[in-house]
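Undergrad: Protein chains in written order, with my numbering: chain W, 1 to 308; chain V, 309 to 868.
Careful: at least some of the hints might be erroneous.
Now the in silico label distances, taken between C-beta atoms and shown as ranges [stated by the list, open to error]:
| # | chain 1 | residue 1 | chain 2 | residue 2 | range |
| --- | --- | --- | --- | --- | --- |
| 1 | V | Asn-539 | W | Val-61 | 55 to 63 Å |
| 2 | W | Arg-137 | V | Glu-642 | 27 to 35 Å |
| 3 | V | Asn-814 | W | Phe-66 | 17 to 25 Å |
| 4 | W | Ser-127 | V | Asp-507 | 42 to 50 Å |
| 5 | V | Ser-827 | W | Arg-137 | 24 to 32 Å |
| 6 | V | Glu-389 | W | Leu-42 | 19 to 27 Å |
Below, simulated DMTMM-like cross-link-like pairs (lysine to aspartate or glutamate); rule was C-alpha separation at most 25 Å, straight line [stated by the list, open to error]:
| # | chain 1 | residue 1 | chain 2 | residue 2 |
| --- | --- | --- | --- | --- |
| 7 | V | Lys-526 | W | Asp-156 |
| 8 | V | Lys-529 | V | Asp-643 |
| 9 | V | Lys-529 | W | Asp-156 |
| 10 | W | Lys-53 | V | Glu-429 |
| 11 | W | Lys-179 | V | Asp-612 |
| 12 | V | Lys-506 | V | Glu-519 |
| 13 | V | Lys-623 | W | Asp-156 |
| 14 | V | Lys-531 | W | Asp-156 |
| 15 | V | Lys-534 | V | Asp-643 |
| 16 | V | Lys-830 | V | Glu-601 |
| 17 | W | Lys-113 | W | Asp-176 |
| 18 | W | Lys-53 | V | Asp-643 |
| 19 | W | Lys-53 | V | Glu-675 |
| 20 | V | Lys-597 | W | Glu-255 |
| 21 | W | Lys-150 | V | Asp-532 |
| 22 | V | Lys-447 | V | Asp-483 |
| 23 | V | Lys-440 | V | Glu-480 |
| 24 | W | Lys-53 | V | Asp-612 |
Keep in mind that the hints were calculated from the coordinates and are not lab data.
For clarity, every value in this text was computed on a predicted model and none was experimentally measured.
C-beta: ideal position from N, C-alpha, C; glycine also.
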Amino acid sequence: MPHRVKKNRLGRRIWQHRVLYLMFLPCAVYFILFSYIPMGGLLLAFKNFSFRKGILGSDWVGLLYFRTFFTSYDAPRLLRNTLTIGFMKTVIEFPFPIVLALMLNELNSRRYKQISQTISYLPHFMSSVIVITIVQRILAPNVGVINQFKALLGGDGGTYYLMESRYFLPILFLLDIWKNIGWDSIIYLAAISGVDAQLYEAAQIDGCTRARTMWHITLPGIRSTVGVLFIIGVGGLLSSGFEQIYLLRTPGNMEVADTLDTFVVRAGMLNGQFGYATSIGLIQGLVGMLLVLGANRLSRRLTEVSIW
Amino acid sequence: MRFTRPLSLLTALVLALLLLQGLALAEQKPDTWIADRVVYVQAYVDDIGNSLPDDQLNTPVMQELKRRTGMQIEFLYTPGESDTSVMMAQMATGNLPDMVLSYLNNSTRPEFFIAVTGAREGLFADLAPMIKDTKVYSKYFDRAYLPADTYDNITWRKEFGGAAYFMHLSIEAEDTSTQWIPSQEYIGGMYIQSAIAKDLGLDVKSINSSEKLYELLKTIKEKDYKDVNGNSVIPLGPKYWGGSADALDYVITDLNWGISGGYNLTEDGKVLHEAETDWAMKKVEYLQKLLREGLMHKEFFTIDETRAGELAANKSVAIIADVHNYKEIIYQSEDWIPLGPISDYKGVPGKITTGKGGYGAWAIPAETENPEEIVKLMDYLSSKEGQMLMLYGVEGVSYEMKDGQPRLKEEVVAAIENGDSKTLQNTYGAAFDGSGVYGLSFILTDTQNTAYFGEARPGASSGTTFQRAVQIATDYPQTYRLVPGLRASSFLTELPEVNAKMSLLNYNEVLVQAVFADSTEKAQEIILSFRRQLEDAGVREFEALIERMHSENPDLIMFY
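Working from the sequences, and respecting the hints, build out all of it.
TA: Below, the structure is given as structure tokens:
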């Protein structure tokens, strides 16, 4: 009987908030269809995929693909490149949207703020293919804007930036910041708008400068948002992203631009080694999950901010 | 009751009339009738996907095909993805239509490796019993009719024990592979601005080695020619279709030791990959020299197609590394002429041919109902009448018969010359010279245009479009060298584990990486690292296999 009562209560509660549940439904369906059901495909990491037998019917091969990968000549280079790019995107780029959000928050002119925000969001909506094509033209030897400017100042206008591995990471860093900084700052702006206005008034009465207000009120006010996003972001340490890197790769920068993500596409989609590619994807997923768990635990212990 | 009898009589009369009409209709079906059916063909060929009529089943050609055979063809194509990826995804999900069609010039193509895996697992129907009584495809049983690669590795693979899952396409009825026939020749490779060649008094055929090419590039640089915008001309430009290391095949042919998919035989009979020899660094050092001295475009390997086209159109490069006589930029003016060709690494001239070849392949998924109807249709299409319909369209609509030969109407020739592909595809619906519905020429075999239709391709005898292309082939003839056998790399599939690792390595990419290295030491390091990758992937095992196969049958693998 108590169970029945509880069930009824749950049913009543769902019915009471039916509109909210209805809004939640597409989201749940999306994640079930595109995130949970495909997880079944991870079985491929342990199977010799057969077109005829399908995922479930294919023969088991145990940990063969994992052994092959970790003993391969490519593994250290791929892991090193992936970690470097992952660290750059997850850790080094992390403060930039926060700084932009803080700066936008300090703008007095509403119109100027709106224009700045819109301009900073725009790159996020541009296809990587278009962006990289523009970058290729800007950086082209002799005819690119940068090289022409260098030549104008008497320098060597023939530098082929995309073919030299030392320029790859700076280019990727600037490109990624430019593309995502505006979009990523939205969530921080939303968090800032949630900080109690009375705190700012009190700070003003106490004679706080704008910098001190930002340091002592705004930043602590969005601390939990920053913490949560960082914990989630850490999960991507072993994922360098695909599109930008794939498009920016040239034989000249391959030494630093070949990552696990590009390798997965090469092995899986272009060479049909589904099992091998899945096993690498699984390693990335597992490491990402462990990193999120670790970061969450550490954050809870040190800052009392955590996802759960 | 009074009306019962007359009513019965009337009913019987009507039924009899209907029956007679039905019989008459049945009699109207031509001998070529096969079945009332639309065949859905998945094409893994982007040229087909980009040249389809708006309404495929309602073109004059498809209507006529339906009248003759009852059958029609609708091509399916997935744009925006690589054909290999689409093929793999469809095979993995079992989402295959009535028939599949793929590009396939020889059995070493990566997509064929995927298709063979599918065949091993029973994804495709065995076509051998179905082609037995056909007019055209029954010729495929004859070893002498098919190219060796087609017979041994595509259609009649030993591992399938007499079953045939893939039908190779575009097999010539007669082997003309060693004959230089100007009206049919594609001259690919380097082309130089004719004005520059004239100014230098250059005999273009005399440039037959990379060293002579280097001297020529230096002279061009010293002369400081200007392009249409007044900028200095770069001596050696990239491939017309965009940067690629493939163009090196024409530029440094004499430094290309690994002629058999990267492998070759040493003087003492050992099989090695080129990266394991000094030839790799010879290539790297030569290309570094060209780059260092500003003789070669810096984006030779990476430039996108649009900008590569601009370089040629603006005459910003003196030499295009790779283009052919059937590209507009070549045949629409007299501005460019062939340069070279460079001889092979032994200094021997001649265009290598492995003999008769094919161009595409088709297969029928095992789940397809009544596959024999599709086989009959494919056989009909490759008959003389079928080929005429596919290539020339419908008589009276796109061509007229003159002296027993089909000749395209003036308006069709004009559409071809103006590049009006949409009209060719929608109004007439035939393949013509490839500028119409390209897929319809792709699905033919036993081709013999000159014997059947008196011209190398539709419109060739009446159109003026390709006169210059043919003239180039006439003025710059080459000789063919027949070297039988397949590239060594095509046998990688014999060692699946080695192949799985090897297929992830890209020698050309490594070469380019070495070319752009800061120093010779760094370049050597890159090549050494690639050697270690080869060893890790199992190159020794593979080389031993090739040595053994070559000693058993010297014609099996292409070495020279």
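Undergrad: Against this structure, judge whether each hint is valid.
TA: Okay, the hints, checked on the actual structure:
| no. | hint | in the structure |
| --- | --- | --- |
| 1 | Asn-539/V x Val-61/W: 55 to 63 Å | holds, 58 Å |
| 2 | Arg-137/W x Glu-642/V: 27 to 35 Å | holds, 32 Å |
| 3 | Asn-814/V x Phe-66/W: 17 to 25 Å | holds, 24 Å |
| 4 | Ser-127/W x Asp-507/V: 42 to 50 Å | holds, 45 Å |
| 5 | Ser-827/V x Arg-137/W: 24 to 32 Å | holds, 29 Å |
| 6 | Glu-389/V x Leu-42/W: 19 to 27 Å | holds, 23 Å |
| 7 | Lys-526/V x Asp-156/W | holds, 21 Å |
| 8 | Lys-529/V x Asp-643/V | holds, 19 Å |
| 9 | Lys-529/V x Asp-156/W | holds, 18 Å |
| 10 | Lys-53/W x Glu-429/V | holds, 8 Å |
| 11 | Lys-179/W x Asp-612/V | holds, 23 Å |
| 12 | Lys-506/V x Glu-519/V | holds, 21 Å |
| 13 | Lys-623/V x Asp-156/W | holds, 24 Å |
| 14 | Lys-531/V x Asp-156/W | holds, 22 Å |
| 15 | Lys-534/V x Asp-643/V | holds, 15 Å |
| 16 | Lys-830/V x Glu-601/V | holds, 19 Å |
| 17 | Lys-113/W x Asp-176/W | holds, 22 Å |
| 18 | Lys-53/W x Asp-643/V | violated, 58 Å |
| 19 | Lys-53/W x Glu-675/V | holds, 14 Å |
| 20 | Lys-597/V x Glu-255/W | holds, 22 Å |
| 21 | Lys-150/W x Asp-532/V | holds, 23 Å |
| 22 | Lys-447/V x Asp-483/V | holds, 14 Å |
| 23 | Lys-440/V x Glu-480/V | holds, 20 Å |
| 24 | Lys-53/W x Asp-612/V | violated, 41 Å |
Violated hints, in rising order: 18, 24; the structure is consistent with all others.
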